[in-house]
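Visitor: Please model the complete structure; the sequences and the hints are all you need to start from.
Chains as they are written, first to last, in this note's numbering: chain A, 3 to 425; chain B, 9 to 242; chain C, 4 to 545.
It is possible that part of the hints are untrue.
[As the list claims (entries may be wrong)] Beta-carbon label-pair distances, calculated as ranges:
| no. | chain 1 | residue 1 | chain 2 | residue 2 | range |
| --- | --- | --- | --- | --- | --- |
| 1 | C | Q428 | A | D54 | 36 to 46 Å |
| 2 | C | S518 | B | V142 | 56 to 66 Å |
| 3 | A | A244 | B | I130 | 23 to 33 Å |
| 4 | A | G276 | B | L137 | 50 to 60 Å |
| 5 | A | R277 | C | K227 | 41 to 51 Å |
| 6 | A | A284 | C | Q428 | 49 to 59 Å |
Hints are computed from structural coordinates only; laboratory data are not their basis.
Quick caveat: nothing in here was measured; it's all calculated off a predicted structure.
Beta carbons: idealized from backbone N, C-alpha and C, even for Gly.
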Amino acid sequence: MESLLSDDLLRQLMAAGQVDVVVGVPTLNNASTVGAVVHEVHLAFTGPFKRDRTVLINFDAGSEDNTPDLVRRASLVESETLVAPEAFRTVHRISSPYHGRPGKGGTLRALFAAAELLDAKAVALFDPDVTSLRADWVARLVRPVYRDGFDYVAPAFTRHPTEGPLVTQLARPLVRAAYGHRMLEPLSSEFACSLRFASHCLAQDVWSSPFLSYGVDIWLATTALAGGFRCGEAVLGPRVQAPSAERPGLPELFRQVVGALFTCLEMHQSYWLGREGSQPLARLSDGPLWNPEGTALDPAPLTESFRSGIRDLRPVLERILEADTLAEAERVAAVEGSAPDFGDALWTQTLTQFAAAHHREVMHRDHLIRALVPLYLGRTAAFLSENAGREAAAVEERLEALNLEFEKHKPQFVRRWKAEQGS
Amino acid sequence: MAEIFLDILRETWANYASAARAFLPRILAMLSIVLVGWLLALLLGFLTRKVLGWIRVERLSERTGTSELLKRADLPPANHLAGTVVFWLVFVGFLLSGLDALGFQGVEGLFSDFVRFIPRLIVGVFILLAGLLVANFAWRACLLAGVNAHLSGSRLLAGGVRILIMVLAAAMALDQIGIARGVVLTAFAMSFGAVMLAVAIAFGIAGAGLARRLVEDQLAGKEKKPPSDGMSHL
Amino acid sequence: MDDLWYKDAVFYELHVKAYCDGNADGIGDLPGLIGRLDHLQELGVSCLWLLPMYPSPFRDDGYDIADYTSIHPQYGTLDDFRRFLTAAHERGMKVITELVMNHTSDQHPWFQEARSSRDNPRRDWYVWSDTDESYKGVRIIFTDTERSNWAWDPVSKAHYWHRFFSHQPDLNYDNPAVREQMWEVMRFWLDLGVDGFRVDAVPYLIEREGTSCENLPETHEVLKEFRRRLSESYPGRMLLAEANMWPEDVRPYFADGDEFHMAFHFPIMPRMFMALRLEDRKPLVEIIERTPPIPESCQWGLFLRNHDELTLEMVTDEERDYMYQEYARDPVARINLGIRRRLAPLLDNDRRRIELMNAMLMSLPGSPVLYYGDEIGMGDNIFQGDRNGVRTPMQWSGGWNGGFSEADPEQLYLPLVSNPVYGYQAINVQSQRRHDSSLLNWMKRLIRVRQSTRVFSRGSIEFLKPANHRVLAYLRTLEREQALVVNNLSSTAQAVELDPGPLAGAIPVEMFGRSLFPRIGTTPYVLTLGPYDFFWFKLRRI
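Guide: Below you can see the structure in the form of C-alpha cells.
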C-alpha cells in the first residue's frame, strides 16, 4: 500500500516517540543555509524547550547538494540522534527523503501526519533559506500554541511599509476585508499550530488539488481564520531570505500566490460572505513592526509595464473588469508622469472585480491572474512614488487607509460575487 | 396538312396531359414531403433548443468561451444556434428527398448525397469550433506572456498566432467537409506562408529588444533581471 | 444534543442509600449524593443509574414500590431529587432511574384498594383468580421462597398473581387504565428531567393461558406503546431493558428499533470471568459470535458486576460447577444461582486482572456499566445475608465511617467493610485520588481513552483468532476508524502472531501512551504481552 510516510521515517518516528513540539524544515538544495537554520532550531530545543520532548523533521525533496547530510551532520549524529551536552534528553533530528506529490503541500501533509502520529502538542514550520532566523523565533511561534492553547500562530515581520507590496497591497487588505481578521502576513511560510488544527487540516479533502502544492501557506492561514480556530500573531523580526536561482519570476509568483488566495476565497465563501468589519489578531510577542530603513525603489519600470499592459491587454481586461473601472484604469494609464495616479478606490475595485471574475471563471484562471500583473505593477508604482521618502509612520497610515477602503467596499464585493453566481 | 398539324398538336397535348397527369401527384407528393419536413424540422429544432436549455449548455459554452465567440460573430446563443442548425439540416434533407420524389434526372441521389454529407459537415463544424477555441486560448496566453515579459509587440505576436491557428483549423475543416480540396490546399499554403512571414516580422520587431538583452546579458555574464523583479514583492 | 447518547455513555450504577449520608442518620441520601457528584464527574462516567429510591416496605431492596411518584423520606424529598438532577446535568451527566413496571408492593394503595372489595374500581388493576389453577406450568422464579405464582388474599378471598415474591402482586397490563397510569408515572419522572429508565422484569407483563407467560407478543405490544409515547413526547430519553436471557431471546426487545433502546447482555459477563480463569478466549468469542445483530439505534449494556449476585443462570450446569469451583470455593459466597461477591474479591484483588477485565469491558461492543465502589476496588461482606454483602457503604476516606456518614457506626444501615485488605482504611477514594498509580486514577484514564473515540461504542467487532488461544484479539471498526485490541488472558507472558490480513499497512498507535509501533506489513505481526497485559491500538493509515 502506498503510504505518505516511509517505513524508514516511521522507524525514526518510533524512536522519537510521543513528543511535545515538532518543527518541520522542508528542503530542496539548501546546503548554504540549512545548517544555520537547523542550528538555531537546535538552540531553541536545548534552551526554551529544554524540558520538553522535541523533534526536528526534515523532508528533503531530492536535493543534489547534500542538504540532508548537512541537516544530520549539524547534529553530530549517531544514527540520527544526538546527545547534546546541554540537553536533558536525547535530541531527535529526523531527515527523510520526501517522495510524495511534489511541492510544499505534500511535505506539509507528511509533516502533519507525522505530528499526529507523535501526538505533538505543537507543530511549527520554517523555511530553510531564511538567514535571519533565530532560536527565539521558534519559541515565539511555538510557545503560544504549546502553553496558551492557540491553534495557529502567524509571524509578523519587521519591515519598512514600502516593502513586500504583494503582501501590503494585495494579500493583507483582501484577507482582512474578506475574512474579517487583520492578519499581517497571510503569505508567510513560517507558522506554528496545534495538533487540533493540524488534524483538522489533514481531514480536509483538498490534498490532491494542485493549488496546494504551492498555495499551502495561504490555505493554512485562511483555513485557521475561517475554521474558528484561536489565532494569534508573534513579532519575529526582519525576514531575510537567501537569494535563490529557483525562485520564480513575478508572473509565476503571482499565479501561485494570487491564484491560491482566490481559490481560498472560493473555498471559504460560506464563511466570509456574511461577515462584516474586522478584528486584530491577538499580538503574542512584542517587538518593532516597522523598520525605518527602506529600500529605495524606482517606480519607473513598473509604470512602464503598467502602461503597456493596459494598452495591450484591453481585449482581455474587457471581460474581467467592469466598463467604468477599465475606463478609469485607461485614463490613469494615459496621464503622463513618472507614476500613475492609481488610487485606493480604483485598486480596490480592480482587485475585487478580478476576484469575482476568477470566481465566475470567465476565462482560464491562470490567464485571468496573469492579466492582473500589470495593474498590480501600476498600483505598486503609484504607492511607491507617493510614499518615497516619507516617514514609516506616515506610510503605515496610508496602508491602513487602503485596508479601510477594502473593508468599506466589502458589501459591493459581496454583491458582485453573489450576483455572478446567479447569472 | 392541317390534319397532320392538328394530329401532332393533339398528340402533343395528349402527351403533355398524360405527362402532367403523371407528374401532378409527384408535385403533390413533393409538397407534402416538404410540408411534413418543415413541420418536423420546426419540432426538432424546438426540441433541440429546449433540451440544450435544460441541460444548461449555455453555462458550458460560457465556460469554454464559445458564447463569447458567438456574441462577437453576432450569432444567437449556443442552444438557439444548435436549434437553427438542426432545423435547416432536417428541412434541407426533406427538401432534397422531395426533389427526389419529383423524379427529375440529375437531382436524383441528391438526398442520399446529402445524408452522407451530414456527418462530415458536423465533424467539420466541430474542427472549426475547436480551432477557434484553441486559437483564442493561445492568443490570450501569448498576449499575457508577452506583456508580462515586457515585449513591445506582444499584441502583434499573439494576433499572428491566433490567425495562424484559425487558418489551420479552417483549412482542416474545409478539407474534412470536402469542399474544393485543391483550392483549399493552395489557399492554405499561401496564407500559412504569409502568416509565418508576418509572425517572423512580428517577432523580429517585438523580440528585438529581448534578443538584444539576452545577447548582452550572455556576453556580459550578468544575471538575468527583468525590470519588475528588481524588488521583492513578498 | 445527540439522541443516541446512550450508545456512547459509560454508566455508573449506585444505591442512594449506600453512597453518602448527608444528614447523619446512617443511611445514604440525595443531599449526600449531590456532594459526591464531583467524584463521578472526575471519574468520567456519563450516566448515573439510581437503584429504586421510592417509598417501599423494603422487602425486596426497594423493588417493592409503595408509591411510584415520590422519594423515600430516608433518601430525601422530591426537591432534593430535583436539585440532584440539576447538579448532575450541570456536570454533563445523565440520570436514569428504576421503573418497576411488572408489580407493586402489596402495601401500594392501588393494591390496598383492589383487595378491599371485589367490585372496587381498581380491582381489575391486578390479576385475580378464584382458583390457583390458572396459568399452570408457568415457572416460579424465586424457587427458594415461593411455592406458587398465586397467593391467597384473605381480605377479598381470592388468589392474586405474582411472578416474584408473594408481596409483589403483578399489575394487570390487559387493563388500559393500568397502562395509562404507568405512562403517567413515566411522565412524572420525565417531566422532572430524568433521562431514561432501567425497566425491571420486562418479560412478564402479560399472562395468557397455555403459555409460559414470558416474552408474549402482547407484552411487546404494551412495551412498544410506551416507547412510541416516549419517543413522541420526550425525544432523546432512553429505555433500558432488564431481561436475564440468552441474547437471541433478548433480541425481540429491540424489535425494529422501536421498543427498547438498550438491553443488558447478561451471558457475556460470566464468560469473561470464565475466559480469564480458563486462560482461553473460547467462551467469550462464542457468546459474542452467537449474539445477533441489533438495530442501528440500539445498544447492549455490558457489566462486570452489579447490585445482584454474579448470575450463573445463563451457563450450563458444568460451567456453573467450574465457576463455583474457581470463584466461590466458600459456599457462603454462593446465593441462588450465582456468586455474591464484588469484582476485586472475585479477582483475588489482583490489580492486573482487575485492569484487564475493566479494559475488556470498555472495549467490547456495548455501553459499559460500572458498579459503585468497583472503581476503587472495594471489597464485600458475604456474611451479611441476601446480596447485602455487595451493598455496603461507599468508602470515601480512612476516617469516621469511611467518610460515608457522621452517624454512630452502629447506626449505619450496613456495617462498612473493615478487614485489613478491603477495609475503608485501606481502600478509599481519598487516598486513591492522591496517588497517580491508584486503581481510581487508572480507571479515570481508561474511561478517558475509551471516550476519546466512538469506535468502541459504535464500531463493529471482528475477532482475529491468532493461533495462541490465550490471546483475545479483536478489531473494532467505525467507518474509517479502526482500533485493534489485544488481551492476554493468561497469568504468564505470551507472544502472539496476528494475521496481517485486514491490518496490512496500518500503523498501530498505542492509545494510552500514544507510542508508535512498527507498521503492520504482509507477514504475521508479532506482539508480546506480559501477564494479563493488554494493548489498545488505534490503527492509522497514512
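Visitor: Confirm or reject each hint.
Guide: Evaluated hints:
no.: 1; hint: Q428/C / D54/A: 36 to 46 Å; in the structure: holds (40 Å)
no.: 2; hint: S518/C / V142/B: 56 to 66 Å; in the structure: holds (58 Å)
no.: 3; hint: A244/A / I130/B: 23 to 33 Å; in the structure: violated (59 Å)
no.: 4; hint: G276/A / L137/B: 50 to 60 Å; in the structure: violated (41 Å)
no.: 5; hint: R277/A / K227/C: 41 to 51 Å; in the structure: holds (49 Å)
no.: 6; hint: A284/A / Q428/C: 49 to 59 Å; in the structure: holds (51 Å)
Going through the hint list in order, the structure does not satisfy hints 3, 4.
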